[in-house]
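2 protein chains.
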Amino acid sequence: MAQKPSIPKGTRDFGPVEMARRNYIFDTIRSVFRTCGYTQIETPSMENLSTLLGKYGDEGDKLLFRILNSGEAFADIDFDAFRTEEGINSKALSLKVCEKGLRYDLTVPFARFVVQHQNELSFPFKRFQIQPVWRADRPQKGRYREFYQCDVDVCGSRSQLLELELIQIIDSVFRKLGVRVKIKINNRKVLTGLAEACGFPDKVVDITVAIDKLDKIGLEAVKEEMLGKGLTPEAVSVLEPILLLQGSTAEKIATLRTALACSPEGLKGIDELEELFGFIEGSGISTETELDLSLARGLNYYTGAIFEVKALDWEIGSICGGGRYDNLTGIFGLPDMSGVGVSFGADRIYDVLTGLDKYPEGLAAGSTVLFANMGPAEIAYILPVVSALREKGISAEIYPDAAKLKKQFDYADRKGIRFLSITGGDEMQSGSVQIKNLASGEQRAFAKTDIDGIAAFLV
Amino acid sequence: MAQKPSIPKGTRDFGPVEMARRNYIFDTIRSVFRTCGYTQIETPSMENLSTLLGKYGDEGDKLLFRILNSGEAFADIDFDAFRTEEGINSKALSLKVCEKGLRYDLTVPFARFVVQHQNELSFPFKRFQIQPVWRADRPQKGRYREFYQCDVDVCGSRSQLLELELIQIIDSVFRKLGVRVKIKINNRKVLTGLAEACGFPDKVVDITVAIDKLDKIGLEAVKEEMLGKGLTPEAVSVLEPILLLQGSTAEKIATLRTALACSPEGLKGIDELEELFGFIEGSGISTETELDLSLARGLNYYTGAIFEVKALDWEIGSICGGGRYDNLTGIFGLPDMSGVGVSFGADRIYDVLTGLDKYPEGLAAGSTVLFANMGPAEIAYILPVVSALREKGISAEIYPDAAKLKKQFDYADRKGIRFLSITGGDEMQSGSVQIKNLASGEQRAFAKTDIDGIAAFLV
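Going line by line, the protein sequences match chains P and X.
The first sequence begins at 2 in our numbering and counts up by one.
The second sequence begins at 2 in our numbering and counts up by one.
Treat the hints with care, as some may be off.
Which copy is meant is left open, so a pair is good if it fits within one copy or across any two.
Stated by the list, open to error - In silico BS3-like cross-links for lysine-lysine, where the CA-CA straight-line distance does not exceed 25 Å:
id, residue 1, residue 2
1, Lys-183, Lys-204
2, Lys-269, Lys-142
3, Lys-5, Lys-92
4, Lys-204, Lys-56
5, Lys-253, Lys-224
6, Lys-92, Lys-10
7, Lys-393, Lys-359
8, Lys-97, Lys-63
9, Lys-183, Lys-407
10, Lys-183, Lys-393
11, Lys-217, Lys-416
12, Lys-5, Lys-97
13, Lys-407, Lys-224
14, Lys-177, Lys-393
15, Lys-408, Lys-393
16, Lys-63, Lys-5
17, Lys-5, Lys-56
18, Lys-142, Lys-92
19, Lys-63, Lys-393
20, Lys-437, Lys-92
21, Lys-214, Lys-5
Hints listed in this document are in silico derivations from the structure and should not be mistaken for laboratory results.
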């Protein structure tokens with residue numbers, strides 16, 4: 002019996018329409034990356050598990066897709082050695098039979114790449130990378146087990162001109178895509194300063210993780226979470242007004258400078274923020290930027306500026322985010338390699354563009370012109386015209402079968418083909434070609450050899 | 002201690018230079034596919050193992066990369082049930098703990114896609130697909146465990162105009178890439194006819210597999226292999242002259258028509274070959290085509306025309322190949338869906354272009370122009386110029402740090418950046434920008450606002 006075909010849950014097929022839309026997004030992002038001097042790299046889908054494990058926390062380790070060793074993976078395994086009182090130790094056994102895992106993000110492979118190829122690269126190294134990643138998360142609306150990331154990073158310089166450049170990239174990408182956004186900016190050193198100012202310098206992670214949830218769960222729940230993590234009510238009350246800070250960027254910075262006067266790290270963060278907002282002001286970026294102290298971002302490797310981008314006209318989580326990290330490559334043996342980068346969330350950007358109906362028209366059309374199939378002699382007559390148009394970069398096709406015209410029409414219609422050519426005995430007699438604009442109804446005749454004329458009509 | 006970074010054997014990192022070259026190949030191929038009306042699809046990296054198993058023969062099943070089920074994969078496994086006298090039954094156990102596998106090629110996922118989405122597609126369905134595939138083969142020179150395939154297929158029509166179109170695509174791709182090739186053509190029905198003519202109609206597979214090796218192992222070894230498969234010396238001697246057939250295509254076809262007179266299937270194949278070579282002659286294809294009866298191609302799903310492309314100026318296996326299949330989707334429940342397609346071997350094409358030094362110049366350059374960093378005031382002065390150039394699609398960057406000029410020069414040099422701009426107090430005073438062509442040494446001054454003038458100089 003034939004199998005009923007299906008695909009693994011959490012994965013997707015992309016048909017012609019979805020692909021055309023995704024390519025439009027990727028092409029736009031890629032072209033902006035390139036105008037700013039970033040070059041593309043790709044890393045393997047599989048990494049050694051030793052490269053991946055321990056980089057994403059315990060939860061991340063569980064979400065790695067592991068690849069069974071090839072050959073007789075279980076041949077020499079002593080299963081009894083993996084039995085515990087609670088049953089089989091799946092974690093230990095899977096480490097034994099799986100040496101490789103699928104890429105979980107593009108950041109760790111990038112760090113691995115930089116260290117491994119450090120002698121071949123020119124620093125500061127500006128790279129972008131657009132590839133799928135895999136996570137064994139529970140699939141749900143908008144969350145997939147295979148999805149693309151679009152990352153752009155520079156490493157090898159501490160200059161905040163690079164933060165500015167990334168903000169310019171964000172500005173340019175979303176302007177080209179026609180999506181209004183706001184860029185939220187903060188600095189991890191300021192968050193460290195907050196922890197120091199409230200008397201719990203060792204709770205930076207707990208505090209930032211709690212602050213990160215402000216948008217989602219609200220102020221009261223964040224305060225409760227902080228108390229639950231061991232902060233005193235006094236400490237929480239020190240943090241509260243700073244989280245609710247209002248006013249212009251200059252006013253916020255002035256208030257912070259007073260509040261964090263006791264924290265050298267915090268003051269350094271404020272200096273960085275001040276410099277970056279100065280750059281932004283001088284650069285003519287039209288996208289709204291905002292200093293948002295509640296922005297923390299969950300990942301612990303950030304050490305300086307952090308960013309997050311929200312769509313203004315569509316309700317969805319952040320569609321781009323990133324920041325400065327000072328020691329990403331340290332784990333692979335290359336210390337003091339500061340870097341900064343952002344990641345564009347292709348799936349969410351897709352949802353925003355779809356929701357706002359912002360795709361250019363005709364994106365997924367198969368061809369510009371269809372030549373109807375009227376029989377072998379007519380096809381032989383038309384073949385050189387089709388070849389010549391294709392040489393000019395015009396997408397042209399011949400219906401492969403001499404089917405009823407209705408069927409051929411329907412094909413053109415369903416594929417969004419805008420021009421139709423029907424060639425019969427009259428045209429062959431006169432050495433001409435008829436072409437009809439299906440939208441306007443306009444029909445014109447051209448000499449068969451007038452490829453330039455035909456091409457001009459098809460634009 | 003820091004980990005020494007490495008990647009799994011048989012996989013590769015692609016740095017900026019390799020990626021630029023690969024993108025050049027993919028972009029060329031993609032643009033030709035598009036001018037012929039093919040639209041892109043993508044399928045998930047993971048397929049259910051039930052979709053993949055049994056489609057590539059026993060050897061293929063062994064080469065599938067399997068993905069360990071997520072969660073506690075081994076928790077409920079009764080290992081004793083998998084013990085045999087020869088030890089653990091790895092095959093059965095891996096089926097229990099792995100439900101998914103990595104894509105082995107793009108053909109089976111395409112067939113699965115067509116069946117699963119048949120109600121959303123317009124037929125004839127013309128698609129291309131460029132994605133990596135994974136095989137647990139023993140890695141060796143030129144053979145990788147992860148590599149890209151570029152497939153183009155149509156399904157839903159038996160018209161050989163589609164075979165012609167694929168040959169036109171091959172012709173166009175290699176002309177654009179500047180690689181001289183020969184396209185070998187044969188027809189599986191003719192091979193069936195040969196089996197019938199020599200009296201062993203049930204040995205088609207054995208005979209075609211043996212014939213397929215003619216190029217590699219030579220005539221004597223092929224004859225021996227046929228004898229080994231149970232053919233009689235008389236049968237082998239019937240086949241021999243046909244394999245060594247010489248002369249023009251018309252002469253070969255005439256000889257075949259006599260030799261295969263007793264085989265209706267063989268005669269049908271000859272009719273198809275005659276029609277296809279007629280199309281080719283009328284289409285003005287400049288690439289050499291050849292009817293090669295020793296061309297068989299290993300895959301058993303081909304039923305009509307088969308193709309293979311050889312580079313003329315570089316010694317390497319076939320760089321593109323494919324053919325007509327009549328029942329690829331049958332296994333997934335959709336019978337009688339004839340299709341035809343070819344696959345471009347990106348890695349081998351890469352090797353050929355590298356060997357023949359056929360890449361366009363400046364492919365991997367990071368930017369067109371580098372603005373040296375002379376300090377904060379100069380940067381503030383130059384920022385609007387850089388933004389304006391980028392808006393025009395010109396790749397421009399600022400060196401992020403105010404480093405020694407020598408260092409900034411070296412950076413431009415290593416990245417192949419062709420223009421350098423150094424802005425100092427004089428330029429700021431006069432509102433100008435200096436730009437130097439690093440290759441020719443020509444230096445020109447522009448008003449800071451003359452973006453069009455600067456852009457024209459940078460072309």
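Here is how each hint holds up against the structure:
1. For the identical chains of this complex, Lys-183 and Lys-204 are neighbours neither inside a copy (29 Å) nor across copies (69 Å), given an alpha-carbon limit of 25 Å.
2. Taking the shortest alpha-carbon separations for Lys-269 and Lys-142, neither the intra-copy value of 41 Å nor the inter-copy value of 52 Å comes in at or below 25 Å.
3. Proximity of Lys-5 to Lys-92 under the C-alpha cut-off of 25 Å is restricted to the inter-copy arrangement: shortest distance 24 Å between copies versus 33 Å within a copy.
4. For the homomeric pair Lys-204 and Lys-56, the shortest alpha-carbon distance inside one copy (20 Å) is at most 25 Å, but the shortest distance between copies (55 Å) is not.
5. Taking identical chains as interchangeable, the C-alpha atoms of Lys-253 and Lys-224 lie at most 25 Å apart only when both belong to the same chain, with a minimum of 21 Å there against 86 Å between chains.
6. Taking the shortest Cα distances, Lys-92 and Lys-10 sit within 25 Å of each other both inside one copy (23 Å) and across copies (24 Å).
7. Taking identical chains as interchangeable, the C-alpha atoms of Lys-393 and Lys-359 lie at most 25 Å apart only when they sit on different chains, with a minimum of 22 Å there against 29 Å within one chain.
8. Taking the shortest alpha-carbon separations for Lys-97 and Lys-63, both the intra-copy value of 15 Å and the inter-copy value of 19 Å come in at or below 25 Å.
9. Proximity of Lys-183 and Lys-407 under a CA criterion of 25 Å is satisfied in neither setting, with 50 Å inside one chain copy and 39 Å between copies.
10. Within a single copy, Lys-183 and Lys-393 get their C-alpha atoms only as close as 42 Å, which misses the 25 Å cut-off; across copies the closest is 24 Å, which meets it.
11. With identical chains, the CA atoms of Lys-217 and Lys-416 are never at most 25 Å apart, being 43 Å at best within one copy and 44 Å at best between copies.
12. Taking the shortest Cα distances, Lys-5 and Lys-97 sit within 25 Å of each other only across copies (20 Å), while inside one copy they are farther apart (34 Å).
13. In this homomeric assembly, Lys-407 and Lys-224 never come within 25 Å of each other (Cα to Cα): the closest approach is 68 Å inside a single copy and 53 Å across copies.
14. In the homo-oligomer, the alpha carbons of Lys-177 and Lys-393 lie at most 25 Å apart only across protomers (12 Å), although the nearest pairing inside one protomer, at 27 Å, exceeds that limit.
15. Neither within a single protomer nor between protomers do Lys-408 and Lys-393 lie at most 25 Å apart by alpha-carbon distance, with minima of 28 Å and 44 Å respectively.
16. Proximity of Lys-63 and Lys-5 under a CA criterion of 25 Å is satisfied inter-copy only: 23 Å between copies versus 31 Å inside one chain copy.
17. Proximity of Lys-5 and Lys-56 under a CA criterion of 25 Å is satisfied inter-copy only: 15 Å between copies versus 39 Å inside one chain copy.
18. In the homo-oligomer, the alpha carbons of Lys-142 and Lys-92 never lie at most 25 Å apart, since the shortest distance is 29 Å inside one protomer and 35 Å across protomers.
19. In this assembly of identical chains, the alpha carbons of Lys-63 and Lys-393 never lie at most 25 Å apart, being 52 Å within a copy and 46 Å across copies at closest.
20. In this assembly of identical chains, Lys-437 and Lys-92 lie within 25 Å of each other by CA distance neither inside one copy nor across copies; the values are 65 Å within and 60 Å between.
21. Neither within a single protomer nor between protomers do Lys-214 and Lys-5 lie at most 25 Å apart by alpha-carbon distance, with minima of 43 Å and 36 Å respectively.
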